[in-house]
Amino acid sequence: MTVWLTRIVPDMHHPQARRDTTGDALGQGLHRRLMTLFPTDAGPDPRARFGVLFRAEDTPTGLHILLQSVHEPDLTALPDGYGTSRARPLDTLLNALRPGLTIRHRCIANAVRKPGATTRDLYNLPAVVPLHGPAANSWWERQAEAAGLKPLSTDSHPLDAAGGRHGPRNSPSRKKVRHARTRFDGTAAVIDADLLRAKITEGIGRGKAYGCGLLTIAPARTPQ
Numbered sequence: 001m002t003v004w005l006t007r008i009v010p011d012m013h014h015p016q017a018r019r020d021t022t023g024d025a026l027g028q029g030l031h032r033r034l035m036t037l038f039p040t041d042a043g044p045d046p047r048a049r050f051g052v053l054f055r056a057e058d059t060p061t062g063l064h065i066l067l068q069s070v071h072e073p074d075l076t077a078l079p080d081g082y083g084t085s086r087a088r089p090l091d092t093l094l095n096a097l098r099p100g101l102t103i104r105h106r107c108i109a110n111a112v113r114k115p116g117a118t119t120r121d122l123y124n125l126p127a128v129v130p131l132h133g134p135a136a137n138s139w140w141e142r143q144a145e146a147a148g149l150k151p152l153s154t155d156s157h158p159l160d161a162a163g164g165r166h167g168p169r170n171s172p173s174r175k176k177v178r179h180a181r182t183r184f185d186g187t188a189a190v191i192d193a194d195l196l197r198a199k200i201t202e203g204i205g206r207g208k209a210y211g212c213g214l215l216t217i218a219p220a221r222t223p224q
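For the sequence shown, the numbering used here assigns the number 224 to the last residue and increments by one with no breaks.
Hints in this document: simulated from the structure, not taken from any laboratory.
Hints are supplied without guarantee of correctness; some may be wrong.
Stated by the list, open to error - SDA-like, lysine to any residue: derived pairs with alpha carbons at most 20 Å apart: (1) K199 / I103; (2) K199 / V128; (3) K150 / A218; (4) K114 / V177; (5) K114 / A135; (6) K114 / P130; (7) K199 / P219; (8) K176 / P130; (9) K199 / L94; (10) K176 / A161; (11) K150 / G186; (12) K114 / A161; (13) K150 / K114; (14) K176 / R19; (15) K150 / T216; (16) K150 / P99; (17) K176 / V128.
I would like the entire structure built from these sequences, with the hints used as guidance.
Right, dumping it as structure tokens:
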């Protein structure tokens with residue numbers, strides 16, 4: 001199975017690119033756009049079928065969209081003038097993973113906890129509580145260990161929430177959904193390469209249809 005990583009640099013002068021990456025559209029709206037790059041006959045959960053994970057991140061040259069999938073996306077399906085795009089397979093990187101290798105990683109994730117009913121009632125908490133600071137770092141370190149990694153350093157930055165609406169399209173009963181987002185950067189040592197490859201393909205945590213969960217890695221530079 002080949003895993004594909006695609007970088008899309010949207011042209012913010014293009015009305016559809018601007019609409020897809022502004023406000024709440026940065027979550028569910030962008031997801032809808034990216035799913036148009038894959039076959040439509042994929043069953044009830046095409047995102048899972050094609051292993052689609054994505055994130056939007058600010059760079060010194062503007063907004064970039066990273067899209068990962070286990071099916072090569074059809075980039076010709078993007079509207080004319082939407083921006084530049086390039087897909088490449090990750091086979092070489094993933095096949096090179098081995099225990100003891102030190103990597104750099106980045107993941108924008110929905111770091112939350114779900115307190116029990118008693119705790120919610122006692123402290124008047126919502127059903128899902130976003131985590132910040134040391135609590136978010138601890139959450140990430142648990143996720144990294146579950147992905148076959150030994151965390152060496154962790155740095156987290158809260159981001160604006162991604163949003164959308166849940167329920168049948170065009171239904172008046174659709175509920176507004178907000179997914180807290182935190183960007184995690186750091187280094188880790190590979191403990192279980194097979195587990196890491198599986199977690200990279202599967203994604204980390206909740207909110208995958210809202211731009212959360214894509215874990216990208218690169219070998220750490222060796223000090224000179």
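(request) Measure nothing beyond the straight line between the CA atoms of K114 and P130; if it is 20 Å or shorter, mark the hint as holding. (result) Holds: K114 and P130 sit about 9 Å apart, inside 20 Å.
(message) Next pair to validate is K176 with P130; report whether the Cα-Cα distance is within 20 Å.
(response) Given that 20 Å is the threshold and the Cα spacing comes to 17 Å, the pair holds.
(request) Verify the proposed pairing of K114 with A135, using a straight-line Cα cut of 20 Å. (result) Holds: K114 and A135 sit about 13 Å apart, inside 20 Å.
(message) Need the status of pair K150, A218: alpha-carbon distance at most 20 Å?
(response) holds, 15 Å
(request) Take a quick look at whether K199 and I103 sit within 20 Å of each other, Cα to Cα. (result) Status holds; Cα separation ~15 Å.
(message) Next pair to validate is K199 with P219; report whether the Cα-Cα distance is within 20 Å.
(response) Between K199 and P219 the Cα gap is close to 17 Å, so the pair holds against 20 Å.
(message) K114 and V177 were given as a pair; does the straight-line alpha-carbon distance stay at or below 20 Å?
(response) holds, 16 Å
(message) Just to be careful, I want the Cα atoms of K150 and K114 compared with a cutoff of 20 Å; is the pair within it?
(response) Measuring from Cα to Cα gives roughly 25 Å; hence the hint is violated.
(request) Given the hint that K176 pairs with R19, test it: the Cα-Cα distance must not exceed 20 Å. (result) The given pair, whose Cα atoms are some 18 Å apart, holds under the 20 Å limit.
(request) Could you grab the alpha-carbon distance between K176 and V128 and see if it respects the 20 Å cut-off? (result) Roughly 15 Å between the alpha carbons, so the hint for K176 and V128 holds.
(message) Between the alpha carbons of K150 and G186, is the straight-line distance 20 Å or under?
(response) holds, 11 Å
(request) Decide if the proposed pair is consistent with the structure: K199 and V128, CA atoms, cutoff 20 Å inclusive. (result) Not OK: K199 and V128 at ~23 Å, beyond 20 Å, violated.
Of the numbered hints stated above, those contradicted by the structure are hints 2, 13, listed in ascending order.
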